[in-house]
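Novice: Next come the chains, spelled out residue by residue.
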Amino acid sequence: MSNEVVLSVKNLSVVFHTPDGDVAAVSDVSFDLRSGETLGIVGESGSGKSVTASSIMRLNNSVTASTSGSILISGVDVLTADEIEVRRVRGSEVAMIFQDPLSALNPYYTVGKQIAEAYLVHHPHVSKSEARAVTLEMLKKVGIPNPEKRIDEFPHQFSGGMRQRIVIAIALINNPKVLIADEPTTALDVTVQAQILDLMKELQAEFNMAIVLITHDLGVIAEAAKDVLVMYGGRVVERSTVEALFSEPTHPYAWGLLGAVNSLSSSGRGALATIAGSPPSLIALPSGCSFNPRCAYASDVCRTEVPLLRSIGLQGSVTACHLPDVEILSIGHGVASR
Amino acid sequence: MFLFIVRRIFFAMVLLLAVSFFTYMLFAMLPSDPAALTCGKNCKPDVIAANRIRLGYDKSLLEQYWLFLKGIFAGRDYGTGAAAFSCGAPSLGYSFGQHECVTTLIAQTFPVTAYLSIGAFMLWMLIGISTGAIAALNKGKWQDRAASIFTSIGVSLPTFYIGLLVLFSVVIWLRILPFPSYESPFDDFPVFLRTMILPWLVLAVLSAASYTRLTRNGMLEAMNEDFVRLGVAKGLTRRIILRRYVMRQALVPIVTIAGLDFAGLLGGAIITESVFSLPGMGKMSIRAVVESDLPVLVGTTMVAAVFIVIANVLVDIAYGYLDPRVRVK
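As given, the protein sequences belong to chains A and B, one line each in that order. Residues 1 to 338, numbered by this note's numbering, are exactly what the first sequence covers, in order. Residues 1001 to 1329, numbered by this note's numbering, are exactly what the second sequence covers, in order.
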């Protein structure tokens, strides 16, 4: 399996201009993604994970948002390319799965038309009947039973899980190099969630594509991702492999997340562990490390200086925390073994 | 689908029957004596009495209504002997004010109303949808603000005011057009056009206002839908997204309301016809009101009701066609 870098995000920053002031939704996010690999991005609502995702396809409104940095996909910088080039990349090189499959499909056209439409726009010389054959093939691949009949049905005739399969079919019809899955299982039942994740893994192996998996659910990350970005207040606060995140978390925010998960899995009927406080307002981020008001380990330096990402431990993790390495590693191991 | 249509048509019939009953009763219960209105002020009592019998106003109200209903399907004969006459089916009664069968009167005036309605309707859909689309595509810019001023004017100014203003400025002051005098398009097409252009424009511009707003809001709402984002993510061009995703959704309520508005117009654009002295059904209704010509009023009300009921059925069917989610299997 080749391991070429298919997606390279460098110093991505997104600022939304709102009537209440500028919102720094994403600050200085960088990562590389190789084909066949899955990168998970976790964080609370407002941590910047979805904005990062939509930036990759340049779906942010160019009037209300200013974006800087670079996003390279097969040699094209999505942020500076002209509209025609971006349109060529969208759907064929990068595709996207949305959170809510109930609203992601156009209710006025049959699912077959919507899948074929995605194929035809990047294959303009293909006839409609050929596109239909490709669509039928894709419907079979994503596990829609009785596809010959269902290809001519409308989205409202499908269940939520089936609709997410249709959305996946639309995303994969052009064999993209990168698939962005923005909370792909959040709106689904737990049993259906597992099926969709399995389907994504299966198709990833078949097409050798890279997946950016955005979620707030650590269970989904553990299930599907290889590497993880933990985001907080629009910044990456930790980057590590999934194994390292669960065995040796290196950021106080990650400790909080894991603590909340562990309190669910441990027996007993005590109160759920939570992270004290609430996510920061992106209009007025706390100075220094934006997690400092909620951090039990915060000191004066945390309130004045933004911590830079640095390598830590032996598992290749990167963290943005002012605490000394030794202290981080010992607390991290403690959290993981709890 | 077929059953659905049959059921809708059946209910439409029942509804029309109810409308006819209440309209007839309401007008018949007015405190004016229809027989006394059949001849002038210095009418002799025996003429009134004779007319009362001839026109059937001596019978009970229910019996009168029954004769009216029967007349619609079988035609109706009035009087006996030398003074007898009849109104063929579908008879909606006899106008004692104009000494003519109501059906004949409607047949004479309806084409004028239809020409006015069809022309104005096409113009206003064109103006309304295009200004609404321009406003939505330029949200917050000067085009949007201009459209919103246009909407406020169109919604708040009454037809008779704008109509008279236009009539005064174009015909009397600027003398661009001669004073309107209606001619059938088959007799004198240029005169017909010259007469209709102002009422078409006035009616269209005023009615377009609400369609501008409907289109603008519908499109802006659709643009925020997830499925439009997915359309962008597919790599579709802006034009295709606007047509298949945005307009497709915005069109559903527009079609619904347009059908009902058009039907309402076919029942007679009373004010527009009066201002521009067009001999249509609306103008005839006004005259019938002034003269207490009850049969004409009942007749025009019935025609208007038929159009509105038909439009409702058509809109329901169209709605199922436009939105697959409400399509009946």
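Worth double-checking, as some hints may not be accurate.
[Claimed, not checked] Derived Cβ-Cβ restraints for the label pairs, each shown as a range:
{"no.": "1", "chain 1": "A", "residue 1": "S281", "chain 2": "B", "residue 2": "E1221", "range": "21 to 29 Å"}
{"no.": "2", "chain 1": "A", "residue 1": "N146", "chain 2": "B", "residue 2": "I1153", "range": "51 to 59 Å"}
{"no.": "3", "chain 1": "B", "residue 1": "F1002", "chain 2": "A", "residue 2": "T274", "range": "56 to 64 Å"}
{"no.": "4", "chain 1": "A", "residue 1": "R88", "chain 2": "B", "residue 2": "D1188", "range": "57 to 65 Å"}
{"no.": "5", "chain 1": "A", "residue 1": "P124", "chain 2": "B", "residue 2": "N1138", "range": "43 to 51 Å"}
{"no.": "6", "chain 1": "A", "residue 1": "G21", "chain 2": "B", "residue 2": "R1007", "range": "55 to 63 Å"}
{"no.": "7", "chain 1": "A", "residue 1": "E202", "chain 2": "B", "residue 2": "F1002", "range": "43 to 51 Å"}
{"no.": "8", "chain 1": "B", "residue 1": "I1317", "chain 2": "A", "residue 2": "V5", "range": "49 to 57 Å"}
{"no.": "9", "chain 1": "A", "residue 1": "P279", "chain 2": "B", "residue 2": "N1138", "range": "48 to 56 Å"}
{"no.": "10", "chain 1": "B", "residue 1": "I1118", "chain 2": "A", "residue 2": "S281", "range": "53 to 61 Å"}
[Unchecked claim] Where chain A lies over chain B, by a calculated footprint (3+ residues, C-beta under 8 Å):
{"no.": "11", "region": "1061 to 1073"}
{"no.": "12", "region": "1223 to 1233"}
{"no.": "13", "region": "1237 to 1245"}
None of these hints come from the bench; they were simulated from the model. C-beta: ideal position from N, C-alpha, C; glycine also.
Novice: Work down the list of hints and note, for each, if the structure agrees.
Specialist: Here's how the hints hold up against the structure:
| no. | hint | verdict |
| --- | --- | --- |
| 1 | S281/A <-> E1221/B: 21 to 29 Å | holds, 28 Å |
| 2 | N146/A <-> I1153/B: 51 to 59 Å | holds, 56 Å |
| 3 | F1002/B <-> T274/A: 56 to 64 Å | holds, 59 Å |
| 4 | R88/A <-> D1188/B: 57 to 65 Å | holds, 59 Å |
| 5 | P124/A <-> N1138/B: 43 to 51 Å | violated, 30 Å |
| 6 | G21/A <-> R1007/B: 55 to 63 Å | holds, 57 Å |
| 7 | E202/A <-> F1002/B: 43 to 51 Å | holds, 44 Å |
| 8 | I1317/B <-> V5/A: 49 to 57 Å | holds, 56 Å |
| 9 | P279/A <-> N1138/B: 48 to 56 Å | violated, 35 Å |
| 10 | I1118/B <-> S281/A: 53 to 61 Å | holds, 57 Å |
| 11 | 1061 to 1073 | violated (count 0) |
| 12 | 1223 to 1233 | holds (count 8) |
| 13 | 1237 to 1245 | holds (count 4) |
Hint violations for this structure: numbers 5, 9 and 11, all remaining hints satisfied.
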